[in-house]
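Residue-level listing of the chains:
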Amino acid sequence: MKAIAYVALLAALPAAGCSSQDGALARYRLERDLWNAQVYERRINISFLRGAGADTQKAISAFRYVLAQDPLAAPGAAGWDAAVVNDIREIQVVSRLALATLYFVSERYADAGTLYRETLESSQLSPSRSLDARLGVARSLYLTGETDAVLEQCAAIFAELVENPAFWARPRRIDPVFLNVPVALVRMYAEAGDSASAGEYAHRARDFYARIVRDQAGTPLADQALLGTLQVALARAEWSRALRDVDDILATPDVTESDRQGFTLLKGEIYAFALNDTAAALPVFAALSANAPGSGVDAAARYDVGAVRMGLGQDVPAMRIFRELEHGERVPAAIAARAMLSRATILERRGNWDDAYALYVRVGQLYPYTSPAIEAPLRVTRYYTAHGQAELARRTLDRSRDYYLSLLERGSPFEGDRLVVQAALAETFLAAGRAADVASLLGSDDRRWDETSAAAGMLKSAEVYATAVGDTLQAVAMLKKCIERFPETRYASVAQHRLDVLEGHPE
Amino acid sequence: MNIAQIFTDYLDGLANSRLALRSPSVLVPFLVFGLLQMLLLSALAFFDWPPIAPLMLPVVRALGGDAAIHYPAHFALLPRVWDSVYLPLVATIGFSLWTLAVWVMVGHHEVGRRVPSRRFRALLPGVIGVGVVFVGVSAGLGRAAAWLAGYAPAGNAAQISLVAAIALVAVAQSLLVYAPVVLRIRGVNALSATVASVRYALRNFWPTVLVVATVLAIHAPLDILIGNSDRVAVRFHPEMVYVILLGSIALEMITAYLLFASVVGLALPEEGGLR
Numbered sequence: 001m002k003a004i005a006y007v008a009l010l011a012a013l014p015a016a017g018c019s020s021q022d023g024a025l026a027r028y029r030l031e032r033d034l035w036n037a038q039v040y041e042r043r044i045n046i047s048f049l050r051g052a053g054a055d056t057q058k059a060i061s062a063f064r065y066v067l068a069q070d071p072l073a074a075p076g077a078a079g080w081d082a083a084v085v086n087d088i089r090e091i092q093v094v095s096r097l098a099l100a101t102l103y104f105v106s107e108r109y110a111d112a113g114t115l116y117r118e119t120l121e122s123s124q125l126s127p128s129r130s131l132d133a134r135l136g137v138a139r140s141l142y143l144t145g146e147t148d149a150v151l152e153q154c155a156a157i158f159a160e161l162v163e164n165p166a167f168w169a170r171p172r173r174i175d176p177v178f179l180n181v182p183v184a185l186v187r188m189y190a191e192a193g194d195s196a197s198a199g200e201y202a203h204r205a206r207d208f209y210a211r212i213v214r215d216q217a218g219t220p221l222a223d224q225a226l227l228g229t230l231q232v233a234l235a236r237a238e239w240s241r242a243l244r245d246v247d248d249i250l251a252t253p254d255v256t257e258s259d260r261q262g263f264t265l266l267k268g269e270i271y272a273f274a275l276n277d278t279a280a281a282l283p284v285f286a287a288l289s290a291n292a293p294g295s296g297v298d299a300a301a302r303y304d305v306g307a308v309r310m311g312l313g314q315d316v317p318a319m320r321i322f323r324e325l326e327h328g329e330r331v332p333a334a335i336a337a338r339a340m341l342s343r344a345t346i347l348e349r350r351g352n353w354d355d356a357y358a359l360y361v362r363v364g365q366l367y368p369y370t371s372p373a374i375e376a377p378l379r380v381t382r383y384y385t386a387h388g389q390a391e392l393a394r395r396t397l398d399r400s401r402d403y404y405l406s407l408l409e410r411g412s413p414f415e416g417d418r419l420v421v422q423a424a425l426a427e428t429f430l431a432a433g434r435a436a437d438v439a440s441l442l443g444s445d446d447r448r449w450d451e452t453s454a455a456a457g458m459l460k461s462a463e464v465y466a467t468a469v470g471d472t473l474q475a476v477a478m479l480k481k482c483i484e485r486f487p488e489t490r491y492a493s494v495a496q497h498r499l500d501v502l503e504g505h506p507e
Numbered sequence: 508m509n510i511a512q513i514f515t516d517y518l519d520g521l522a523n524s525r526l527a528l529r530s531p532s533v534l535v536p537f538l539v540f541g542l543l544q545m546l547l548l549s550a551l552a553f554f555d556w557p558p559i560a561p562l563m564l565p566v567v568r569a570l571g572g573d574a575a576i577h578y579p580a581h582f583a584l585l586p587r588v589w590d591s592v593y594l595p596l597v598a599t600i601g602f603s604l605w606t607l608a609v610w611v612m613v614g615h616h617e618v619g620r621r622v623p624s625r626r627f628r629a630l631l632p633g634v635i636g637v638g639v640v641f642v643g644v645s646a647g648l649g650r651a652a653a654w655l656a657g658y659a660p661a662g663n664a665a666q667i668s669l670v671a672a673i674a675l676v677a678v679a680q681s682l683l684v685y686a687p688v689v690l691r692i693r694g695v696n697a698l699s700a701t702v703a704s705v706r707y708a709l710r711n712f713w714p715t716v717l718v719v720a721t722v723l724a725i726h727a728p729l730d731i732l733i734g735n736s737d738r739v740a741v742r743f744h745p746e747m748v749y750v751i752l753l754g755s756i757a758l759e760m761i762t763a764y765l766l767f768a769s770v771v772g773l774a775l776p777e778e779g780g781l782r
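Chains as they are written, first to last, in my numbering: chain S, 1 to 507; chain A, 508 to 782.
In short, the hints are calculated from the structure, not lab data. Quick caveat: nothing in here was measured; it's all calculated off a predicted structure. Backbone N, C-alpha and C fix where the C-beta goes; we use that ideal spot for every residue, glycine too. Heads up, none of these hints are tricks.
Between beta-carbon pairs, the in silico distance windows are:
hint, chain 1, residue 1, chain 2, residue 2, range
1, S, N164, A, L542, 53 to 63 Å
2, A, H615, S, Y65, 52 to 62 Å
3, A, S549, S, Y65, 16 to 26 Å
4, A, G643, S, N164, 54 to 64 Å
Which chain A residues face chain S? A few, computed with CB under 10 Å, are given here:
hint, residue
5, F554
6, D555
7, P579
8, H581
Over 12 Å on every C-beta distance to chain A, these chain S residues come out as not near it, computed from the model:
hint, residue
9, T252
10, D354
11, E427
12, A468
All chains, full assembly: derive it from the sequences and hints.
Below is the structure:
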């Protein structure tokens, strides 16, 4: 009898505090599910280089499982402790943000954007979390090609930064990436052709950066804000203001020597190529070369002097400078290649085609992964086509096609922008009057290319079909192929937009 | 007593653990206590299992604080929570079952057959008293020594302090480990059994210390892992801490038998000993 009484007592005691325990138990189970999901997340990070497709899918399932629990929807949840409820909400936010990141990794941009928006709408987020979520929305919108919505989201992020007292109370807790948002807004509005909005945001961005410089003086955040101010001026092509901003940066006490050299070079280039004030530019370049002889910045400054001389029609001193750079020791490959291309340009202009051609070939042999090497075949093709040498133009085209395709391959050592290579490939073929061939080549969905190159190639192919070939049907077919092959990406969105224009029913 | 004699006695003591091969029933009390511990540990580790959750959640919270009902902190704190259950458990039920096992082992010896039989239940309060002293002294000394070792400068000094702490516990346990045998042979109260155990241990000091140190050394690797449970929980799966504790219990079933079988062997040699 005693035993039965003890058992009954034991059973009755916990039942009394059952509802408060339910919350703690629900939180514990949710924490365990979150931990299990995070284990897959960590495994993805570890095995990223080996490919982590299976783990990504497992992690997505695990985080979706966490979110599917929703213990706060339980009947007695209203009576749970506030601390427990807050913990559960925090787990849900963490899981949502992690799941959205995983959607990004899986290139499910629309799903990522939806999840970020839901997070923003359904949760009371901390300032940094809210900014993270808004940045996530902006990224997903950008990747799905929703350009206008990206601007809106970036504007919302900027407004949140400027107006949120929590940000100004502890700005150092915010990821520095958000300081790039104002300048990104200015650039995007400028690219969209909305100069009024670009001007308005340039003004607001300057105020924002000035406040950070004032409040956070001497911190890396203030340095980044000074850089942001300069970038705004550059984006707006406000050169005099940009020069003042460079001087402000150079006046900061903790600027490194390499930064000092880089910003001084920029100052000289603004004088030389934006303001055409060669009298102000040349002493700046000369001072840089005198202060750091034999360095990369010395080579860049000497190249700029050569380019200034070339612009002034002083071919002989310009060619001497370029030749010295071509043969100089410790001259960076990019500068040596630019020097070769510039000298070839002068030689071609002066009618010395044989020497110019030799340089065009040599730059491709010595520095095949630089911009000048990518541009050289186009120059050669243009020359032969302009001079009626069809057979030489055809041979050049064959060689340049093989060269460009080698750069576009997935495993190519070329680390530059593959879209530039595609553009050069198209231009070279167009220069030779073979538009249909290059349209077919670009739209071939070559499996040796990465997805970005394949998608961009299809868009470029459609553009060539529509403009140079004049075959709208082929252009439409190519755009539909792009939409079908890369759904939910910005390529599909751009293709759809162009398709609407071609078919005569723009948005 | 010369060194050769010390080692001969030590090995003779250990050799008495062959008794389990002839009479496996002597293992039953160790197995029962081990299984009881495993059940309780499992209930504490998986307190959120719906049938036991309403009972175990308050228990875990009371023993480990609020942090103990969060995952994965719960598993990092599990050794601490388990300690607060284990120490009273081993001082009472554990020591009683081990004493019972000692009595069974003594019964297999010719000395045990000659001394009058005793009712275990009648001596149970004394057994528990000795158990409380045995566990209390071991745990108290162990913690005090570890606390003092914490103040030692890092490096060799800290390691020496730790070894000294283990040696201190080994000595304390050596002095009290004969009490269950005394209770069976003489049928005295807890205090007399403790005093007699100390006297006998001092007469047979080094072989006894070696036996106790052997048992502690066998446990040391798992004890180190348990001491780093927070790292184990975070770097591996948190449930790994539970598996390690489970392994420790399984090991204890073997080492507790080894200890008490050796003690019986040392206490009751062919020529009489404790008799």
